[in-house]
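Chains as they are written, first to last, in the UniProt record's numbering: chain A, 1 to 282; chain B, 1 to 343; chain C, 1 to 548.
Hints in this document: simulated from the structure, not taken from any laboratory.
Result set (DMTMM-like, lysine to aspartate or glutamate): computed pairs, CA atoms no more than 20 Å apart in a straight line:
1) K7(A) to D432(C)
2) K132(C) to E173(C)
3) K226(A) to D301(B)
4) K423(C) to E282(C)
5) K130(B) to D60(C)
6) K26(C) to E9(C)
7) K423(C) to E267(C)
8) K192(C) to E204(C)
9) K265(C) to D469(C)
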Amino acid sequence: MSSATLKHAAFVLRGNPLTAIAAFATALLVVLAIIGPAIVPYDPTASDVAHALEAPTAAHWFGTDQLGRDVFSRVIVAARLDLAIAASAVVLSFALGAVIGSICGYTGGRVDRAVGRFVDVLMAFPLFVLAMAMVAALGNRVENIVIATALINLPFYIRFARAEVNVRRNAGWVEAARACGDSHLSVVLRFLLPNILPAMAVQISLNLGWAILNAAGLSFIGLGVKPPTPEWGIMVAEGARFISTGKWWLVAFPGLALMFCVLCFNLLGDGLRDILDPRMRT
Amino acid sequence: MSQFASTARRAGRRFVSSLPALLGVLVFTFLLMRVLPGDPAVFFASGPTAGKEEIETIRKQMGLDKPMPEQLARYMLDVAQGNLGNSLTTGQPVSKDLRERLPASLELTFAALLIALLSAVPLGIAAALKPNSLVDHGVRLLCALGVCVPTFVSGLLLIYVFYYLLGYAPDPTGRIDIFTSQPPRMTGFLLIDFLLAGDLSGWWAAASQLVLPAFTMALFVVAPLARITRAAMLSSLGSDFVRTARSIGLPRWRIVVVYALRNAILPVLTITGIVFSTMLGANVLVEKVFSWPGVASYALDALLASDYAPVQGFVLLMAFIFVIVNLVIDVLYGIADPRISIE
Amino acid sequence: MTEPLLRIEDLAVTFSTRRGPVEAVKGIDLDLPAGRMLGIVGESGSGKSVTAFAVTRLLDAAGRISRGRVLFRGEDISRASSKTLRAIHGAAISMIFQNPRAALNPIRTVGLQLADALRAHRPLSDKAAREKALELLKTVLIREPEKRLDAYPHELSGGMCQRVMIAMAIACEPALLIADEPTTGLDVTTQKTVMDLIARITAERQMAVILITHDLGLAAQYCQDVVVMEQGRIVERAAPEALFRRPQHPYTRRLVAASPTPTSKVEDLVADPEYHVPLPPEPLREKPAAGTPPLLEVVNLVKRYNHGITAVGGVSFSIGAGESVGLVGESGSGKSTISRMICRLIDQTEGEINFEGQSISGIPADGFHRSPYRRQIQIVFQDPHDSLNPRFSAFDAIAHPLKRLDRLSNTALKERVLDCAAKVGLPANLLDRFPHQLSGGQKARVGIARAISVRPRLLVLDEPTAALDVSVQAVTLQLLERLRREDNLSFLFVSHDLNVVRMMCERTIVLQNGCVVEQGESRRLFDAPESEYTRTLLAAVPHFEGAA
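Only chain A is shown next, with the shape it has when bound in the complex:
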C-alpha cells in the first residue's frame, strides 16, 4: 500500500512539478519556523534609531522599520508564531469537526439535519466578525486567537466530514462491514474515518492558508499578539502608517511572507488531492 502510494506520488509529482515545489517550500517554511531565531542576522526586537526606515540594502535585505529593527530578521522569526497559531487552530477544529461531522453524517436523522442546518447558517455568518467578538469577549491573548480561529473553522470541517460520510454511508462496503460483524461505532471509526482522511487532508492544507490569513488579520486590527513581538499581521499594521510616504518594504515583505505561506499550502492541497485520489492510481 505505502509503496504503491509513494510510486503514485512520484508519478503525480513528475507530472505536476508545481506540487513538488510547493511541498519543498512548505518543508522549508517549517524548517525556518523551527531554526529561524537561531540564524537571523539581527535581533528582531533590537531597535537602532540611527538606521530607522531605511530602504532595503545589502546590510538590511528587507530594510528597517521605524525603530530601525531589521525587517528581514523580523519576517523570518515571525514564521514560527504565525504557523503555530494557524496549525494549532486547524488541528483543533479538524479533530473536533471530523468526529462530530462523521457521527452526524453516519447517524442521519433529525439531529443530523439540525446540526447540518446550524452549520450552514453559521458558515454564512460573517465569521471574521465572530472571531473578533470572541477575542474581545475571551480576552486579548494569543490563545484566544487560536480558539477563535479554530471555532470559525469548525463549521467547515463538520460540514465536510458530514458530506463525505454521507455519500459513503449507504455504500455496499459499509453494509458489508456490518454483515461481517462490526458495530456502528467501529464502522465509523475503522471504516469511514480512514476513508475520508485523504479528502480531509486536502481540506486541512487548504484551510491552513485561510487560518493564517485570519490570525494575521486579527493581529492586524490589534487583537491577540502585541508589539513588539514579530508577527506578520502586526508588522503590516505598523508599516501601514508609512505607506502614504512610500515606505513600501514595511508592508510588502511581511505581506509577501503571508502570501507565500498561503500559496504553498493551497498548491500543496491541490497536489495532495491528485496524489490521494486512488482512482487515478495505476
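Based on these hints, arrange chains B and C on the given structure of chain A.
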C-alpha cells in the same frame, strides 16, 4: 404561481431556521457584556465622567441586581426596541451611530460585490468555454494568487502604487476629500445623494475615493467567485442535457446561455451569499486601511478602546444583515431553480 | 442496390488519456439502409457507444475520429464543420440517451425544451411551437399532455423522461435515430413500452434506427440486423435468427450462450470449453422430518418509514436448507428492503423472522453483530465495486469477517483466506490488490469469498450480477451454483432479471409494491403464471421468437 408560493415558504422556513443562530448571537453578545471585565452599568452611563450615584441609578434601572435570566430577557427586550446602549467614545446612542455609519459600509460592500461579480463571472465563463487554453490558465493562476493575498496587504499596496507612485488616486482616507462638501443626506449613500443633489463633481470625488477600497475588497472575492463560476460552467457544459441540446442542433450561443449558464448560476448564487458575508467581515480590515467611516471601523475603534456597547451593536447588526442577505439569496434561488419546490 | 442512408468506412476513434492515446474503436465498416433498425450489441468497453457518438460527432473533448469516413446520404460528415453539423443534428440525425432524466435540462419546462428542438431548425412562433410540442407529447403517448408541457423533468418518471426525449428526437423528423442504451436502468415493463414506442414511431415515419445495447435479447427482438462488437471491432453481423441459431465468431458464441433465455440452464451458460468447469451434481436432499422448522421463516414482515411510506407490507415466505429462492420485482417493490431486514442490517417494523425455528427478529439490527446468528446469514451486494472498502486489499476484505466473527489470526487466518480465494477461483496473486486494481468479475469473486468465508447457512444475494457484463455474469452464476451445491447453502436470490431467477431458483416470489403477488415452484410460476402482474412482467422480458 405555485413556484412563488413555494419560494415564499422556503424563504420563510429559512428565516425560521436562522432564528436560532440569531438568538445565539444575541445570547453571545449578552454574555460578551457579562464576561468582559468592568461594570456593564458604566457602558450605559452618559460618559466616562459619570458619577458613582449615576452609575448606581443606572444599575438599578438596568436591573443588574436582578437574576441572570431576567437580565437576559430585559436585554432582549431592549434590543428589540433598538436600544443598544451608549458609546463611551462618541457619547451617543450606539443605534444612532450605527445608523449614521451603515450606509458607508454598505456602499463600499455593494460596490465591491458589483466589481467582483462583473469581473469574476465573465472570467469564469471564458475559462470554462476554452478549458486548458491561455485564458483558462490565466484565470486559474489569478484564482490561485487571489486567495493568497490578504486584503490588508493588497489595500496598502494599491495605495502605494496608485496614490504614492502614480498619484492617480486621492488621499486614501475617508469617503470624500476635505475640499468637497457633503451632499444633503438622503439615503446616506454618497454616490446616490450626490446624484440626487445634481452635484457631479462631488459624485466624482466620492467615486474616486471609493475605487481603491472597493477594488481591494473585490480582489479578495474575485478568486472564489471566478473559481466556482468556472467549475459550475464546466460541469454544466459537460452534462448530459447540454449534450442533448447539441444533439438537437441548437445554436452554440443558445446552448451556452440557456442551457449551460442558467444551470451554472445556481452554485454561483449560493457562493455569492457566502462571499457577501465574508465581505462584511473583511470590511473591518479594509475600513481600517482606508480610514473608511463605516460601522466596522467604528466597532473596531470601540473595541480597542474597551468600549463594548458598540461592539455588541455591530455584531447584532451584522447578524441581522446576514439574515436578510440569506433571505434574498433564497428567494433568488427559488426563482432560478424550479426543483426547490419538491423538497 | 441504392446508396445506404449511412455508411461507415474504416472508422477509428482515439481518446487521449493520462496514459497516452487509447483507440476505442479500431476501424469498423457498417452500412445502414433507410428505414431499417440495426442493433449494435457489445459488453462494456466494446466501443459501441463511442461509435454512436462518433457518428453524430458528439464525442467529448478527449475523443476524436482518427481515421475513416462517415457517409450520411453520401456526404462525409466525419470532418464536417460545426455549422454543417448543426444543420444535421436533430433535423437529419438525432439521438436518445441512457439516463433520460439527466439528459433533460432540469430547470427548463418540457414544453420549452421541445420548442427549442423544434425551433432549432424551423422558424415557429411561440404559440405554434407550443402547439407542435403538445402534438409531439401526444405522439409519444404521454398522459395529460397539456399539463406535462409545463412540467419540469424532475416531476416526471424515468420512463416519461425518455418519452419526452424521444419526442425531442423526432421533432424535426430526422431520417436516422440513434438510441444509446435507451432503456438501461428502466424497469422491464417500462423498457417494453419505451421500446415498443420507438419501434412504432420509427416504422410509421420510415426512420432508420441504430439501437445500442448490451442486451442481446433486446436487440434480437426489435432489430432486423444485429452487429456484435468486441474491443473496438465488429466481430459479426447477421440477422437475429441466424445470430442465435448459428453464431459464427467464437465471441458471439460465448455471448449467445451467456445471455440467459427462458430455456437456458446454468450448466450451459459458459460454452467455451476453456472456461468450462463441470458443476457438481445437485445434492440429494432428504425430505426434512415432519415438524423440523425451515432454515428461514419470514412471517408477515412489514417495514414502514417515518414519513408514512410502507416499503414492505406484510410478506411471508420460507427457505429450506439447501434451497434457492428467488425474489423478483421492479424498482420500489421492496425486495432490497426485505433482504436487508433478513440480514439484520435494518429493523423491521412488524413481523417475525425465524432462523432454524429461533426468532432473530427480536435482536435489534444495531446489536446483531454480537449475535451468534451473524455468521449464519451473509450477504453479497449488487455492485461489486461499491461493496469493497477502497482501502482494503482483496486479502483484507476476505479476512475481515474471519477476524471479526471467527477471531482468527496469523497462519490460521491466512490459510482460511487462501482457501476461500481458491474456492471462488480467485488467483492467490491477486490478493494483494486493491479494488480499483481488480476487474468487475474479480471484485465479484472477492465479495462472494468474503460472504462465504465464515461458512454461513444462508446467503442473501442482492442482485449479485446486475452490474456485471453478461459473460462475467455467466461465470459468476456458475460459481454461485457450484458453491450452493457443494456446501448445501441456501440462497435468497434477489433480482429483477426473470431469466436469471428462473434458471437459478427452485422457487420464486414475485413482489409488487411491497407485497407478494405470487409465489411457487419456479417452473410452474414461469410457465403458467397465476397473477396478471406476473404475466405482464414475463411478457415484458425481451424475447426473440426464433430463439430456443
